[in-house]
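Chains as they are written, first to last, in the numbering used here: chain L, 1 to 430; chain A, 1 to 264.
It is possible that part of the hints are untrue.
The calculated DSS-like cross-link candidates involving lysine-lysine, where the alpha carbons are at most 25 Å apart (straight line), are [to be verified]:
| # | chain 1 | residue 1 | chain 2 | residue 2 |
| --- | --- | --- | --- | --- |
| 1 | A | Lys51 | L | Lys130 |
| 2 | L | Lys380 | L | Lys8 |
| 3 | A | Lys3 | L | Lys130 |
| 4 | L | Lys8 | A | Lys51 |
| 5 | L | Lys170 | A | Lys171 |
| 6 | A | Lys171 | L | Lys130 |
| 7 | A | Lys51 | A | Lys131 |
| 8 | L | Lys34 | L | Lys261 |
Calculated from the structure, these hints are not laboratory results.
What follows is the residue order along each chain.
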Amino acid sequence: MKKSKTIKVDYLARVEGEGALYVRIKGGVVEDVKLKIFEPPRFFEAFLRGRHYDEVPDITARICGICPIAYQMSAVHAMEDAFEVKVEGQLRALRRLIYCGEWIESHALHIFMLHAPDFLGYEDAIQMAKDHREIVERGLRLKKTGNQIVSLLGGREIHPINVRVGGFYKVPDKRDFIDLREKLERGRDEAIENVRWAARLSFPDFEHDYEFVALRHADEYPFNEGQIVSNKGLEISARAFDEHFIEEHVSHSNALHCVLKGRGAYLVGPLARYNLNFDRLSPLAQETAREVGLTEVCRNPFQSIIIRSLEMLYAFDEALRIIDQYEKPDSPSLEIQPRAATGYACTEAPRGMLYHRYRVDDGGIILDAGIVPPTSQNQKTIEGDLRQFVTGRIEMPADQLTLQCEQTIRNYDPCISCATHFLKLHLERE
Amino acid sequence: MAKRKPKLAVWKFASCDGCQLSLLDCEDELMAVADTVEIANFLEASRRVTKGPYDLSLVEGSITTPHDAERIRQVRRLSKYLVTIGACATSGGIQALRNFKDVKDFIRIVYATPDYISTLDKSTAISEHVKVDFELRGCPINKRQLLEVISAFLGGRRPNTPAHSVCVECKLRGTVCVMVAHGTPCLGPVTHAGCGAICPAYARGCYGCFGPMETPNTASLSDWLIGLGASEGEIARTFHGFNAWADEFRQAGDLNEKKQDDQS
Ligand code: SF4
Ligand code: SF4
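Assemble the whole structure, with the sequences as input and the hints as a guide.
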């Protein structure tokens, strides 16, 4: 007998923003998979025109409340590219430090509040806390320490006010880090425990030969700098992004799908960074990865929860390294001389590579802006994963299949608010 | 019989998710909040959705689509109290910058196939659509104030959230005035309190993310800013920021824009 069914989830939960999923199965074959993004568009690229370059880190932060630092970092680096300024030394280190804070805060939010309940069979972290209180509390502690880094350097956790083109408005004294340092040390120990815990979860047997895309830097795990590379031979600078990537607008979505010209879907985010940069992780993070049985290659998107935990450990380690070598710089920022030019930058948001491009006039006014967030880059890959995942499990009861489809989406920590600058599940078995 | 826990719902319209994230950012209080209220609808945090009516609805985001204009009426019908959280819900947010332009041009700039996009030509505050019981300011809101608002409404009292300016918060905090000491332009004198005067403490001027205070003297501040060497264009841009569609900031921005045009 030929079986048909539809999987529909109208409002996907535990994702950042609003979206829906629609899968149609006919005659035992997956006919259609759509990840719909109906988050209303907010037109950032349009109203950035006519604004002053100095306002751009504050404005673009408002694209996403979960990863404002990523927007601020891509914005300032793109502007500095346009104005031929290079922020180095301690100011550069402080930018890495604030990014560590955002990775910890964002990864902790996803690991404990959004992703873990899927693995342990709960609807949310609050329900999960009834049986796993220590795990949820550990998650909240880790998250809080990440937030503390961001507020110390940025003034507040969400939409920090201290990041500017050329550096910061104000830089901390060495003694400001004393209390934070203690918390980071405790956090690092808990982060190791957490990698071990994540590795003991059970994972569906699922792998895919992705094209991973991430930044790669000469000697660091990537945050703000590096070449855009892939495991299939791509190696370009951010300036060449538009030549190699193209955004497509599909009818079922308010988000734009980004693909590699002539090659199609690719994957950004923790899994991509890990596969392309294992050798750039700190010795402690590498050692912990090996201890829990990971190799340098991980192609199971469900295991992204372990990789996120490892990246969180790395961020603690790196934050401590930065604080220990910190000396207060003489000036909080570099002098900026605007000029008519176009600037480009990619940085590594917690969810993956984030591209910004700005064309400015000689007074520093924006003439044109282009932003490609991680979720629009991953959307096609998520749809591909869903197709492959459902194809292998067509006979599964609808409830269970729907839940596992949702989990497949949550593997990517999709940030829908970002993608519209993106989700809801419809599973149709006719 | 055990007393029924009050039901809390969190709703999202056009926004960045930052204001609802503020609730999850209450790391020390979150478990206690979850013990006192039933989190009945909070999609960013849970798959579980309990049917209304709800005792308290927190609304994030502005109205930008015909569908959302309908959805907010439904939320109002289901809610005993409706509180807006943040600049998007309270004044239309940064996305209200479209209100000054032709939205069709905006769609064309961002999307290759404009026909796929359904949107209203204005981004508007929740209060332009339904009755709002309380508006919490900020882009983003302050999480301490959020906790105060939740406990006040569930306790049946008015929230204690000061209505003075950011200027007063600087004085309370002991921050030296950035305009007087460094000549840095600042919207503190006309901006609603709540953040705790963060920007001046970080050596920069306030850019008004908490929106206008009651009866702000924007004309006198504009003169002062000009005196500090700011241009009308810069002042207009600052008023036309995260609360651009709040009456007082809109008008102050328009006025400075007009002066700039008259000069050129
Ligand atoms: S008010 Fe600001 S922080 Fe809050 S949802 Fe809107 S853009 Fe985000
Ligand atoms: S000082 Fe002004 S711009 Fe800065 S956080 Fe407070 S209200 Fe917002």
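Quick rundown of the hints versus the structure:
Between the alpha carbons of A/Lys51 and L/Lys130 the distance comes to roughly 22 Å, so the proposed pair stays at or under 25 Å and holds. Annotation: proposed proximity of L/Lys380 to L/Lys8 holds, straight-line Cα distance about 18 Å (limit 25 Å). Under the criterion of a C-alpha separation no larger than 25 Å, the hint pairing A/Lys3 with L/Lys130 is consistent with the structure, at around 20 Å. Distance hint between L/Lys8 and A/Lys51 is fulfilled; the C-alpha atoms sit about 20 Å from each other, no more than 25 Å.
For the hint linking L/Lys170 to A/Lys171, the alpha-carbon distance of about 20 Å falls within 25 Å, and the restraint holds. Under the criterion of a C-alpha separation no larger than 25 Å, the hint pairing A/Lys171 with L/Lys130 is inconsistent with the structure, at around 45 Å. Straight-line distance between C-alpha atoms of A/Lys51 and A/Lys131 comes to about 21 Å, which keeps the hinted pair within the 25 Å bound. A threshold of 25 Å between alpha carbons decides the hint, and for L/Lys34 with L/Lys261 the separation of about 21 Å falls inside it, so the pair holds.
Hint 6 alone, counting from the list given before, is not met by this structure.
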